[in-house]
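Asker: Following the numbering used here, the numbering of the sequence shown begins with 15 at its first residue and continues without gaps.
The hints are simulated quantities; they were obtained by calculation from the structure and are not laboratory data.
Treat the hints with care, since some could be wrong.
List of simulated lysine-lysine pairs, DSSO-like, C-alpha gap at most 30 Å [what the hints assert, rightly or not]:
#1 K414 / K426
#2 K381 / K420
#3 K787 / K697
#4 K42 / K59
#5 K687 / K804
#6 K612 / K551
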Amino acid sequence: MEGDGALRAIVYNRGSLRLLDQRELPFKIVYLDVNDSGTGWKAIKDMVVRGAPAIAIAAALSLAVEVHNLRPGKVTTPQDALLLLQKRLDYLVSSRPTAVNLADAAEKLKKVASVAASTDNASAQDVFQAYIEAAEAFLEEDVSSNKAIGDYGSAFLLNGADESRKLAVLTHCNTGSLATAGYGTALGVIRALHSQNRLHTAFCTETRPYNQGSRLTAFELVHDNIPAVLVADSAAASLQSSGRVDAVIVGADRVAANGDTANKIGTYSLAVSASRHGIPFLVAAPLTSVDLSISSGDQISIEERSALELTHTQGGQGHRVAAEGISVWNPAFDVTPAALISAIITDKGVITKADESGTFDIPAFVKSLTTTAPGKATSFRPLSENTVADYVQSVSHLAKRLGGSKQDWAVKEVGDGNLNFVYIVTGASGSFVLKQALPYVRCVGDSWPLSLERAYFEVTALQEHGKHCPEHVPEVYHFDHPMALFAMRYLAPPHIILRKGLIAGTKYPLLAEHMSDYMARTLFNTSLLATSTTEHKAAVAKFCGNVELCRLTEQVVFTEPYMIASNNHWTTPQLDEDAKSIREDDYLKLEIASLKSKFCEKSQALIHGDLHTGSVMVTQESTQVIDPEFAFYGPMGFDIGAFLGNLALAYFSQDGHTSDNSNRDEYKEWILKVLQDTWNLFKEKFLLLWTDKSQSMGDAYPAGVYTSLETHKLAQKIYLRDLFEDALGFAGAKMIRRIVGIAHVEDFESIENPELRSQCERRALNFAKDLLKTRSKLASIEEVIQLIRKV
Numbered sequence: 015m016e017g018d019g020a021l022r023a024i025v026y027n028r029g030s031l032r033l034l035d036q037r038e039l040p041f042k043i044v045y046l047d048v049n050d051s052g053t054g055w056k057a058i059k060d061m062v063v064r065g066a067p068a069i070a071i072a073a074a075l076s077l078a079v080e081v082h083n084l085r086p087g088k089v090t091t092p093q094d095a096l097l098l099l100q101k102r103l104d105y106l107v108s109s110r111p112t113a114v115n116l117a118d119a120a121e122k123l124k125k126v127a128s129v130a131a132s133t134d135n136a137s138a139q140d141v142f143q144a145y146i147e148a149a150e151a152f153l154e155e156d157v158s159s160n161k162a163i164g165d166y167g168s169a170f171l172l173n174g175a176d177e178s179r180k181l182a183v184l185t186h187c188n189t190g191s192l193a194t195a196g197y198g199t200a201l202g203v204i205r206a207l208h209s210q211n212r213l214h215t216a217f218c219t220e221t222r223p224y225n226q227g228s229r230l231t232a233f234e235l236v237h238d239n240i241p242a243v244l245v246a247d248s249a250a251a252s253l254q255s256s257g258r259v260d261a262v263i264v265g266a267d268r269v270a271a272n273g274d275t276a277n278k279i280g281t282y283s284l285a286v287s288a289s290r291h292g293i294p295f296l297v298a299a300p301l302t303s304v305d306l307s308i309s310s311g312d313q314i315s316i317e318e319r320s321a322l323e324l325t326h327t328q329g330g331q332g333h334r335v336a337a338e339g340i341s342v343w344n345p346a347f348d349v350t351p352a353a354l355i356s357a358i359i360t361d362k363g364v365i366t367k368a369d370e371s372g373t374f375d376i377p378a379f380v381k382s383l384t385t386t387a388p389g390k391a392t393s394f395r396p397l398s399e400n401t402v403a404d405y406v407q408s409v410s411h412l413a414k415r416l417g418g419s420k421q422d423w424a425v426k427e428v429g430d431g432n433l434n435f436v437y438i439v440t441g442a443s444g445s446f447v448l449k450q451a452l453p454y455v456r457c458v459g460d461s462w463p464l465s466l467e468r469a470y471f472e473v474t475a476l477q478e479h480g481k482h483c484p485e486h487v488p489e490v491y492h493f494d495h496p497m498a499l500f501a502m503r504y505l506a507p508p509h510i511i512l513r514k515g516l517i518a519g520t521k522y523p524l525l526a527e528h529m530s531d532y533m534a535r536t537l538f539n540t541s542l543l544a545t546s547t548t549e550h551k552a553a554v555a556k557f558c559g560n561v562e563l564c565r566l567t568e569q570v571v572f573t574e575p576y577m578i579a580s581n582n583h584w585t586t587p588q589l590d591e592d593a594k595s596i597r598e599d600d601y602l603k604l605e606i607a608s609l610k611s612k613f614c615e616k617s618q619a620l621i622h623g624d625l626h627t628g629s630v631m632v633t634q635e636s637t638q639v640i641d642p643e644f645a646f647y648g649p650m651g652f653d654i655g656a657f658l659g660n661l662a663l664a665y666f667s668q669d670g671h672t673s674d675n676s677n678r679d680e681y682k683e684w685i686l687k688v689l690q691d692t693w694n695l696f697k698e699k700f701l702l703l704w705t706d707k708s709q710s711m712g713d714a715y716p717a718g719v720y721t722s723l724e725t726h727k728l729a730q731k732i733y734l735r736d737l738f739e740d741a742l743g744f745a746g747a748k749m750i751r752r753i754v755g756i757a758h759v760e761d762f763e764s765i766e767n768p769e770l771r772s773q774c775e776r777r778a779l780n781f782a783k784d785l786l787k788t789r790s791k792l793a794s795i796e797e798v799i800q801l802i803r804k805v
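Based on the sequences and whatever the hints tell you, model everything.
Answerer: Below is the structure:
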């Protein structure tokens with residue numbers, strides 16, 4: 015199983031757990047089946063799975079599998095269920111006593127089980143179910159936590175750095191997706207730098223005696239195509255002295271309250287060398303790795319590993335290389351004093367030293383976190399026009415971009431207000447847009463909660479699409495994961511939202527050329543036509559987390575318009591019968607069900623996910639696509655259909671924007687020409703990319719299979735035919751939802767006369783229904799134009 019760029023160490027489905035046997039890497043990909051806490055304990059002890067976060071999760075899930083599969087009737091009372099869980103958790107903790115994450119997870123899970131057992135009328139199964147759900151939550155939370163560490167760490171390192179400079183980072187042991195639930199702590203920071211194109215080289219040590227660096231970290235870096243160099247442990251100090259290292263980043267198994275850190279043996283040596291050469295030494299770990307019950311590293315118990323790991327090859331599994339009879343000291347960890355640590359990067363922020371004492375006041379940092387719910391700390395806080403400048407001032411590279419001081423900056427809130435806050439921030443030297451997500455749908459309120467993670471997916475999509483089509487995607491300058499906000503290039507006037515330009519009757523001569531270019535390049539290059547199945551599956555997995563916004567689309571596009579729903583509204587009473595006819599049209603419902611299935615199941619390419627005319631900014635010479643927060647790997651036709659459908663909405667709205675001395679007939683023809691040209695140019699450019707051998711290296715149609723030119727052309731014809739039909743179906747679905755669903759379009763809403771508005775909307779609805787029902791019979795975009803004219 016793959017995700018976030020590298021192999022997962024933990025593959026879990028309720029009732030089964032498989033752990034990637036990291037003793038076999040990089041030579042074999044072997045998974046060990048874990049059926050109970052006993053095999054889980056052995057897997058941790060034998061280092062099948064390793065890394066403090068992964069150990070905790072693997073232990074928790076091994077017990078979850080055990081109790082899920084427990085024979086009915088074996089444990090009958092909630093008290094017996096609680097006792098079993100407590101004993102098994104204590105046993106699992108003994109597999110790796112130094113890793114505080116394991117002990118911390120065990121205590122939290124005991125509390126969950128205890129609460130469940132004390133609930134009135136609870137059964138043993140209720141206690142087990144509560145435990146299973148809590149254990150599974152660790153798996154999901156770890157990925158979000160690691161991504162936050164990556165974002166905080168990269169921002170800390172880049173703060174004040176020359177924007178054109180790339181950094182070289184040295185890391186130790188393995189702290190990546192193989193040591194966590196799927197992203198990484200110290201290696202997560204490296205991944206974040208790489209994704210921002212700010213990483214020059216990742217240096218990794220071999221990490222003796224078990225070689226997690228050369229076997230695992232090197233494996234991950236190569237797998238992710240991250241520029242990397244492996245060095246011997248004994249060469250690390252010399253490397254630092256050469257001036258080739260900008261920072262050292264390591265993980266942590268346990269952090270004391272003063273910042274003393276226990277980590278894989280050899281960490282202390284790196285810290286001493288970094289101090290000698292004036293190189294920042296950073297510890298990256300989730301806040302759960304901090305043990306506030308111990309004041310310093312002197313209280314951390316250090317376990318010793320088997321002597322065989324030093325005397326034999328392959329971590330003790332191979333042949334003897336040391337002399338018989340030699341004594342061995344093989345500590346698994348060492349403790350790095352806080353005085354040698356520059357900062358501690360956590361999932362809740364960066365902990366720095368408040369004074370020159372050389373230690374950290376981690377309890378004060380924990381106390382300073384904003385508490386938003388019992389037991390749940392976060393550094394998220396919504397900004398306002400009055401607080402944006404303070405935030406920007408704290409991010410030096412953003413402040414530098416503006417120039418001057420915060421007293422000189424202007425902050426203006428813009429946007430439609432449906433989901434997010436959007437601010438334009440302007441200074442003497444520059445400007446940018448700052449966008450922040452909220453933990454709910456803004457236009458509805460906190461009764462409709464929504465994940466802050468959508469900001470991460472939006473930034474990631476902007477960066478990925480920008481890589482393939484930089485001319486039409488604004489550059490991202492900054493991303494703060496925990497704050498769910500990012501800064502990007504401000505599209506200054508005369509840029510205008512395309513929808514507003516269409517309402518005003520403005521022509522944009524390059525619109526079809528630019529939008530066809532954007533869609534062809536982003537969709538083709540993120541599909542299997544251009545990528546391998548390995549790359550594609552990893553990318554699909556990366557965006558699977560955007561489930562809430564996908565679910566939102568399913569609800570408002572494919573479900574609610576076809577039923578009685580409180581969110582629906584329309585021009586009433588004029589369209590009452592029209593809305594009713596949609597709810598009663600069984601054939602239409604079958605068509606929309608087919609499209610919903612494709613939306614949910616077809617992972618063709620990284621789609622924008624909400625490509626309407628409000629997500630495009632234009633001038634006469636420029637077209638820029640923004641707001642891909644709904645991005646995920648879905649059907650290409652959804653993006654194409656959304657844009658074409660919104661052009662059709664603009665067309666049908668034009669009669670509502672005429673006056674006594676104006677006529678929009680010529681402009682309506684121009685819209686139809688844009689609609690027609692957009693598809694035809696898209697098709698031409700898409701096929702050109704496919705035909706170009708340098709661009710069509712994907713696994714979908716291997717050259718060794720499709721050797722015949724005729725077969726290759728037939729494959730292209732069938733592919734484009736299916737894509738065209740999908741696009742038309744999604745266009746119709748998007749149009750219907752914008753007239754009788756929750757969120758309408760300004761094209762119609764700005765028509766003040768309800769009679770006139772409803773006439774325009776009815777024509778659009780009738781076309782959309784015809785399009786949904788007859789799309790399989792339409793052979794060209796020209797036939798679609800004819801269908802529009804008939805309405």
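Asker: Does each hint fit the structure? Answer for all of them.
Answerer: Here's how the hints hold up against the structure:
no.	hint	verdict
1	K414 / K426	holds (19 Å)
2	K381 / K420	holds (28 Å)
3	K787 / K697	holds (23 Å)
4	K42 / K59	holds (20 Å)
5	K687 / K804	holds (16 Å)
6	K612 / K551	holds (17 Å)
When each numbered hint is compared with the structure, no violation occurs for any of them.
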